[in-house]
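So the sequence shown is numbered by my numbering: it starts at 357 and just counts up by one.
Hints were generated in silico from the structure; no laboratory data involved.
One or more of the hints may lead you astray.
As the list claims (entries may be wrong) - Straight-line alpha carbon distances no greater than 20 Å define the calculated EDC-like cross-link-like pairs of lysine to aspartate or glutamate that follow:
(1) K366 <-> E421
(2) K423 <-> E358
(3) K415 <-> E358
(4) K415 <-> D469
(5) K423 <-> E410
(6) K366 <-> E412
(7) K392 <-> D465
(8) K382 <-> E412
(9) K423 <-> D486
(10) K392 <-> E429
(11) K415 <-> D486
(12) K366 <-> E378
(13) K423 <-> E412
(14) K415 <-> E378
(15) K392 <-> E358
(16) K382 <-> E410
Claimed, not checked - Quick list of simulated restraints, FRET-style, between CB atoms:
(17) P371 <-> A393: 15 to 21 Å
(18) E421 <-> Q507: 24 to 30 Å
(19) G514 <-> A393: 14 to 20 Å
Small disclaimer: the values here were computed from a predicted structure and weren't measured.
The C-beta atom is built at its ideal place from N, Cα and C for all residues, glycine as well.
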Amino acid sequence: TETVCRQRLKTIVSPIHLPYNEIVRKQIAAYTTTHKALTRRMLTYCRYYFPIFERELEKNGLPLELKFLPVIESALQPTATSPAGAVGLWQFTLVTGRYYGLEISSMVDARRDPVDATQAACRYLTDPYDIFYDWTLSLSLYKYFTGHVIQAVNRAGGKDSTYRDISSYLT
Numbered sequence: 357t358e359t360v361c362r363q364r365l366k367t368i369v370s371p372i373h374l375p376y377n378e379i380v381r382k383q384i385a386a387y388t389t390t391h392k393a394l395t396r397r398m399l400t401y402c403r404y405y406f407p408i409f410e411r412e413l414e415k416n417g418l419p420l421e422l423k424f425l426p427v428i429e430s431a432l433q434p435t436a437t438s439p440a441g442a443v444g445l446w447q448f449t450l451v452t453g454r455y456y457g458l459e460i461s462s463m464v465d466a467r468r469d470p471v472d473a474t475q476a477a478c479r480y481l482t483d484p485y486d487i488f489y490d491w492t493l494s495l496s497l498y499k500y501f502t503g504h505v506i507q508a509v510n511r512a513g514g515k516d517s518t519y520r521d522i523s524s525y526l527t
């Protein structure tokens with residue numbers, strides 16, 4: 357129920373702000389009703405992938421909650437490809453994947469490798485946090501291009517802006 361979800365989110369101690377709002381409610385409803393088969397499959401895959409994610413996140417001093425990002429990005433499918441050409445569990449584009457050290461050629465695409473891509477994702481997640489010191493704001497870079505986020509931050513008043521401050525500038 358909605359009350360249970362709201363309470364559970366409140367009890368999670370995390371450096372990442374985890375609000376319960378309409379967007380979260382709709383996603384929970386989708387995963388528990390509309391996409392039950394997908395959710396069952398992901399629960400099976402998380403047994404394999406989460407230890408990889410957790411090991412690398414911990415090694416890099418990143419919040420373990422970031423292990424859920426590939427659930428949203430790729431439904432834990434290492435072969436997932438977005439319409440924009442992002443590939444793998446962490447959905448790296450060609451340029452971003454190469455920038456963060458992934459080998460991408462006609463023979464190899466390390467964006468599909470769970471370990472290599474997770475190591476690159478840790479570097480990719482660290483960079484914006486080192487600028488913004490805010491996980492929610494840093495995670496917005498996964499949805500929006502860096503230039504859009506920087507522009508939204510500037511419009512919202514500068515470096516100390518939060519995701520809530522910039523969200524209206526991202527649409």
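Status of each hint after checking the structure:
1. Straight-line distance between C-alpha atoms of K366 and E421 comes to about 14 Å, which keeps the hinted pair within the 20 Å bound.
2. Only pairs whose Cα atoms come within 20 Å are accepted, and K423 paired with E358 is rejected, the gap being roughly 24 Å.
3. Among the hinted pairs, K415 with E358 is inconsistent with the structure: their alpha-carbon atoms are about 35 Å apart, more than 20 Å.
4. Straight-line distance between C-alpha atoms of K415 and D469 comes to about 18 Å, which keeps the hinted pair within the 20 Å bound.
5. At roughly 7 Å between alpha-carbon atoms, K423 and E410 fall within 20 Å of each other, so this suggested pair holds.
6. For the given pair, K366 sits about 26 Å from E412 by alpha-carbon distance, which is inconsistent with the 20 Å threshold.
7. A distance of roughly 30 Å separates the Cα atoms of K392 and D465; the hinted pair therefore is violated under the 20 Å criterion.
8. A C-alpha spacing of about 30 Å is found between K382 and E412, which places the hinted pair above 20 Å, so the restraint is violated.
9. At most 20 Å may separate the alpha-carbon atoms for a hinted pair to count; K423 and D486 meet this at roughly 19 Å.
10. At most 20 Å may separate the alpha-carbon atoms for a hinted pair to count; K392 and E429 meet this at roughly 17 Å.
11. Proposed proximity of K415 and D486 is supported: the alpha carbons are some 17 Å apart, at most 20 Å.
12. Under the criterion of a C-alpha separation no larger than 20 Å, the hint pairing K366 with E378 is consistent with the structure, at around 16 Å.
13. Restraint check for K423 and E412: the C-alpha separation of about 10 Å stays at or below 20 Å, so the hint holds.
14. For the proposed pair K415 and E378, the alpha carbon gap of about 34 Å is over 20 Å, so the pair is violated.
15. With a CA separation close to 18 Å, the supplied pair K392 and E358 stays within the 20 Å bound.
16. With a C-alpha separation of about 27 Å, the suggested pairing of K382 with E410 is violated against the 20 Å cut-off.
17. In this structure the supplied range 15 to 21 Å is violated for P371 paired with A393, their Cβ-Cβ distance being about 33 Å.
18. In this structure the hint that E421 and Q507 lie 24 to 30 Å apart at CB holds, the actual value being about 27 Å.
19. Between G514 and A393 the Cβ separation comes to about 45 Å, which falls outside the hinted range of 14 to 20 Å.
Violation of the numbered hints given earlier is confined to hints 2, 3, 6, 7, 8, 14, 16, 17, 19; the remaining hints are satisfied by the structure.
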